[in-house]
Amino acid sequence: MTSPLLSVRDLRVEFATRKGPLVALDGVSFDIAPGEVLGVVGESGAGKSLTGLAIIGLLDPPGRIVGGEILLDGERIDHLPPAKMRNIRGRRVGIIFQDPMTSLNPLLRIGDQIAETIMAHKSLPRKEARTQAIAWLGEVGIPSPEKRIDAYPHEFSGGMRQRVVIALALCAEPALVIADEPTTALDVSVQAQIISLLKNLTRRHGAAVMLITHDMGVIAETADRVAVMYAGRIAETGEVREVVRDPLHPYTQGLMAAIPTLEVSARRLAQIPGAMPRLSAIPPGCAFAPRCPKAFARCGERPPLIAIGDRAAACWLYERTPIGADARA
Amino acid sequence: MSGAGPIVVVSGLSRVFDISAPLLSRLLAREPRRTLTAVDGADFAIQRGETFGLVGESGSGKSTLARMVVGLLKPTAGHVVIERVDLARSGDKAAQRAIRRRMQMIFQDPFGSLNPRWRVGDIIAEPIRAFGADEAGARLGRRATRARVGELLELVGLHPADARKFPHEFSGGQRQRIAIARAIAVHPDFIVCDEPTSALDVSIQAQILNLMRDLQDRLGLTYLIITHNLAVVRFMANRVGVMYLGRLIEIGETEALFARPRHPYTRMLLDAVPDLAMTGLPRTPVGGEPPNPIDPPPGCPFHPRCPQAIAICRTERPAFRDNVACHLA
Amino acid sequence: MSEIAAGPEGAPRSGRDFIARLRDNDLLASLLASKITVAAGAVTILFFLAALLAPWIAPTDPFNPAANYLSDSLDPPSFIAGGDPRFLLGTDDQGRDMLSAILYGLRVSLAIGFCGVALGAAIGVGLGLISGYAGGWIDSIIMRIADVQLTFPAILIALLLDGVAHAALKPENRDASAFAVLVVSIGLSFWVQYARTVRASTMVEKNRDYVLAARLIGLSHGRILFTHILPNVMGPVMVIATISLALAIITEATLSFLGVGLPPTEPSIGTLIRIGQNYLFSGEWWIVAFPSLTLAALVLAVNLLGDWLRDALNPRLK
Numbered sequence: 001m002t003s004p005l006l007s008v009r010d011l012r013v014e015f016a017t018r019k020g021p022l023v024a025l026d027g028v029s030f031d032i033a034p035g036e037v038l039g040v041v042g043e044s045g046a047g048k049s050l051t052g053l054a055i056i057g058l059l060d061p062p063g064r065i066v067g068g069e070i071l072l073d074g075e076r077i078d079h080l081p082p083a084k085m086r087n088i089r090g091r092r093v094g095i096i097f098q099d100p101m102t103s104l105n106p107l108l109r110i111g112d113q114i115a116e117t118i119m120a121h122k123s124l125p126r127k128e129a130r131t132q133a134i135a136w137l138g139e140v141g142i143p144s145p146e147k148r149i150d151a152y153p154h155e156f157s158g159g160m161r162q163r164v165v166i167a168l169a170l171c172a173e174p175a176l177v178i179a180d181e182p183t184t185a186l187d188v189s190v191q192a193q194i195i196s197l198l199k200n201l202t203r204r205h206g207a208a209v210m211l212i213t214h215d216m217g218v219i220a221e222t223a224d225r226v227a228v229m230y231a232g233r234i235a236e237t238g239e240v241r242e243v244v245r246d247p248l249h250p251y252t253q254g255l256m257a258a259i260p261t262l263e264v265s266a267r268r269l270a271q272i273p274g275a276m277p278r279l280s281a282i283p284p285g286c287a288f289a290p291r292c293p294k295a296f297a298r299c300g301e302r303p304p305l306i307a308i309g310d311r312a313a314a315c316w317l318y319e320r321t322p323i324g325a326d327a328r329a
Numbered sequence: 001m002s003g004a005g006p007i008v009v010v011s012g013l014s015r016v017f018d019i020s021a022p023l024l025s026r027l028l029a030r031e032p033r034r035t036l037t038a039v040d041g042a043d044f045a046i047q048r049g050e051t052f053g054l055v056g057e058s059g060s061g062k063s064t065l066a067r068m069v070v071g072l073l074k075p076t077a078g079h080v081v082i083e084r085v086d087l088a089r090s091g092d093k094a095a096q097r098a099i100r101r102r103m104q105m106i107f108q109d110p111f112g113s114l115n116p117r118w119r120v121g122d123i124i125a126e127p128i129r130a131f132g133a134d135e136a137g138a139r140l141g142r143r144a145t146r147a148r149v150g151e152l153l154e155l156v157g158l159h160p161a162d163a164r165k166f167p168h169e170f171s172g173g174q175r176q177r178i179a180i181a182r183a184i185a186v187h188p189d190f191i192v193c194d195e196p197t198s199a200l201d202v203s204i205q206a207q208i209l210n211l212m213r214d215l216q217d218r219l220g221l222t223y224l225i226i227t228h229n230l231a232v233v234r235f236m237a238n239r240v241g242v243m244y245l246g247r248l249i250e251i252g253e254t255e256a257l258f259a260r261p262r263h264p265y266t267r268m269l270l271d272a273v274p275d276l277a278m279t280g281l282p283r284t285p286v287g288g289e290p291p292n293p294i295d296p297p298p299g300c301p302f303h304p305r306c307p308q309a310i311a312i313c314r315t316e317r318p319a320f321r322d323n324v325a326c327h328l329a
Numbered sequence: 001m002s003e004i005a006a007g008p009e010g011a012p013r014s015g016r017d018f019i020a021r022l023r024d025n026d027l028l029a030s031l032l033a034s035k036i037t038v039a040a041g042a043v044t045i046l047f048f049l050a051a052l053l054a055p056w057i058a059p060t061d062p063f064n065p066a067a068n069y070l071s072d073s074l075d076p077p078s079f080i081a082g083g084d085p086r087f088l089l090g091t092d093d094q095g096r097d098m099l100s101a102i103l104y105g106l107r108v109s110l111a112i113g114f115c116g117v118a119l120g121a122a123i124g125v126g127l128g129l130i131s132g133y134a135g136g137w138i139d140s141i142i143m144r145i146a147d148v149q150l151t152f153p154a155i156l157i158a159l160l161l162d163g164v165a166h167a168a169l170k171p172e173n174r175d176a177s178a179f180a181v182l183v184v185s186i187g188l189s190f191w192v193q194y195a196r197t198v199r200a201s202t203m204v205e206k207n208r209d210y211v212l213a214a215r216l217i218g219l220s221h222g223r224i225l226f227t228h229i230l231p232n233v234m235g236p237v238m239v240i241a242t243i244s245l246a247l248a249i250i251t252e253a254t255l256s257f258l259g260v261g262l263p264p265t266e267p268s269i270g271t272l273i274r275i276g277q278n279y280l281f282s283g284e285w286w287i288v289a290f291p292s293l294t295l296a297a298l299v300l301a302v303n304l305l306g307d308w309l310r311d312a313l314n315p316r317l318k
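Chains as they are written, first to last, in this note's numbering: chain A, 1 to 329; chain B, 1 to 329; chain C, 1 to 318.
Only chain A is shown next, with the shape it has when bound in the complex:
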């Protein structure tokens, strides 16, 4: 069992507000093995983007990490000084954000942006870096890269720009890429291409991916394992195939049932009543209990992430009774 590339243990992020600290992430734990694609899925407000930002040290104050550890290759990176963090960003952890419009500097040519990153992290001379940049543009599927290397971001379409962003994220050959909603702003047909590209490229270069998205379909296509988040906590983790076909946590079950599919024309979509609680109003105990069709007395106490084989769910339904059988009916 290889040691994980990224290990997040009991991460706790708080926001200082006038009315006291607001807990945004409450004991988030997961691992990413080298070369693996972990999908982090959840609805808005679940804290998935925040987790990504916390890992790469881009939390805006008044948010800050107040507990837990983040280990990259066994070393702690959660409270590194900014200079060291900058080093890690780009060289060991690449980042892809949702909006290609704002991830690229509109005033710099794309070739320069990629070459700068290569030069900064791999200490290569400019000419070498430029050659590599052209090669990267080709790899991400930009036609005629030698001609387009001197173009500005606004001369590209949305899908092309996102390809450039992927090149930018991978050019320093990081071991981990954090992609936050990389396809949400794109058209359906372009989404499919970008997902495919991301999957193939990261596999080719041996990079692990933390894919953050609200789209379960993208996760099903791309990820090896998935972590489902709810109200700042992890609800369930496991292999994608298993979680999609047979979700354990009632929230995941509700989520999967609520997604309309292309196959069957349903009379009614299964819906989860209510909405995810606001961070300031998370109930004590299990955060999902008020909406859960299977809630019972135990749910007044917050469930830990209970392991079931190589899957895990934060739900008392899976608590092992003293006799040894699990409570799942």
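Everything labelled a hint here was simulated from the structure, so no lab data went into it. Among these hints, one or two may not hold up.
[To be verified] So these bits of chain C aren't anywhere near chain B, every CB distance computed over 12 Å:
no. : residue
1   : Pro-76
2   : Ala-180
3   : Tyr-210
4   : Ala-214
5   : Leu-219
[As the list claims (entries may be wrong)] DSBU-like cross-link-like pairs, simulated, lysine-lysine; straight-line CA separation at most 30 Å:
no. : chain 1 : residue 1 : chain 2 : residue 2
6   : A       : Lys-127   : A       : Lys-147
7   : A       : Lys-19    : C       : Lys-206
8   : B       : Lys-74    : B       : Lys-93
9   : A       : Lys-19    : A       : Lys-84
10  : B       : Lys-165   : C       : Lys-206
11  : A       : Lys-122   : A       : Lys-84
12  : A       : Lys-84    : A       : Lys-199
13  : B       : Lys-74    : A       : Lys-19
14  : B       : Lys-74    : C       : Lys-35
15  : A       : Lys-122   : A       : Lys-199
16  : B       : Lys-93    : C       : Lys-206
17  : A       : Lys-147   : A       : Lys-122
18  : A       : Lys-84    : A       : Lys-147
[What the hints assert, rightly or not] Away from chain C, derived, C-beta distances all over 12 Å, residues of chain B:
no. : residue
19  : Gly-5
20  : Leu-73
21  : Thr-145
22  : Ala-256
23  : Leu-328
Cβ atoms here follow ideal geometry from the backbone N, Cα and C, with glycine treated the same way.
Please build the complex by placing chains B and C on the supplied structure of chain A, with the hints as guidance.
For chains B and C alone, coordinates are given in the frame of chain A:
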């Protein structure tokens, strides 16, 4: 007023935008006038009580078409006839007013479609105050209006006392419910829904779509739903029209269209949706991106990306015949 | 199936509820957070109250020539040797009590300041709304007028208007028109900044979906402009208004100082400073010092409040 015949008939509808540079710059640079054809000759009809889905990616012109149908935009050619009244051409103010109250629109952005400075009760009451309570335009007193607003709020799953609150006090899903309450306030027959759930989380989307279908059954509504999400259209629509670069390229009954798509673009679109069922079938995403609507390719607009394009596709634009616009159909 | 279990948040249910709401209010909290802003707010309120209550708290009525004795003129402040205990801040060349003159002068200055700002805001917001909403050639014309307006400083306009008023009106009406001349000059020189800001905000708001929803039900453009768009563009207007109040008061002081404006029988702060300037080097420093200090304090306080308001209303700083 029930009757035979469709409630909405769109014929030859086109909209051309003039995007030329200002006169002086044009004269100096000797540039020609430039136009953007957003919608190019759309023909379809919507039957009473049905849900017609319009799908397409960005640049397909679906939003422009929706706005023309509802009278927010004047067509440059063609007609929109609602209940036998042509809104754009008819000079009869009374008839126009009568039609305006019969149709409403629900917008995509739940945060932009409600005036942030108005109380929710006033937002919902506005159409009632503008049109009067019934066909004759009877004015409702304050108490009666308040009662009606309370009724509407309950109909969409909110509390009558919410009328005193401001939009920012609600979540996205709740705001969309408020928008729906506003839309049904004056008993419309026909509602255009422009991406009604695209900005919402999956579980909230399920609630809103279910609500919309329930209201359709209870109030006998006809919907035109615009979306890029094929699964949503599958759930909601009886018939679907697919748009590409301003042209309707295929129309069909939902089941038939999804099972046996006739146009290569429809096929490509269905293939591009991420495979949640994880059937494991390999899919090659079609290359290329939606072309620039300012400079569409000659002949069939899809031919550069079409895997089955033949010679004639490059030169001659296929006519819309038998509900599909393809030389190979 | 009810979405919300809790009760309504709408109107406060009791006095205690109201105070709790007040404490919760973000705007108030940011005001109280900065001591300087609180001080500025206090000073401003103090001056406003002083001006408002001048007829009741001023020891004498400086505008009544009969009450002044020339024998009392040029008395130093009471806390200095040679001062008369009746006159806390001394008297001016006509025997008017400085304290009373300042209080009444404050009144006049503030009145002109407010009216000028109100006029400027009314013109500016109105034109800005129309310009931003209509676009096209209407927008171009209004913006060109705005550009031309900017080339005329307030002083020039005031001189022009004053000259016209002098020529056109009978002598007994000239004094009454002085107030109007000042207000109009200030209004005309200030409207452009309102117009530009409101125009920019309007151009953003008019494409929002709630405006489309209003157009959908067939509301007239005017109704949409004033009931829907106006409330949403007022934020920056409040900030500009606060800051330009300070500017308006200074402008009025300048104009009065230059002699264009109020007659010496109804002195504003600016007039007092002008009068006092003549006596500065002969030793009667109090005639210029106290009005100047008052003006400076007032303008500083209003400016600080305006700064706070701008930062407090700026969503990006949150």
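Exercise. Quick check: which numbered hints come out false for this structure?
Worked result: Hint check: 3, 4, 5, 7, 9, 13, 14, 18, 20 fail, others pass.
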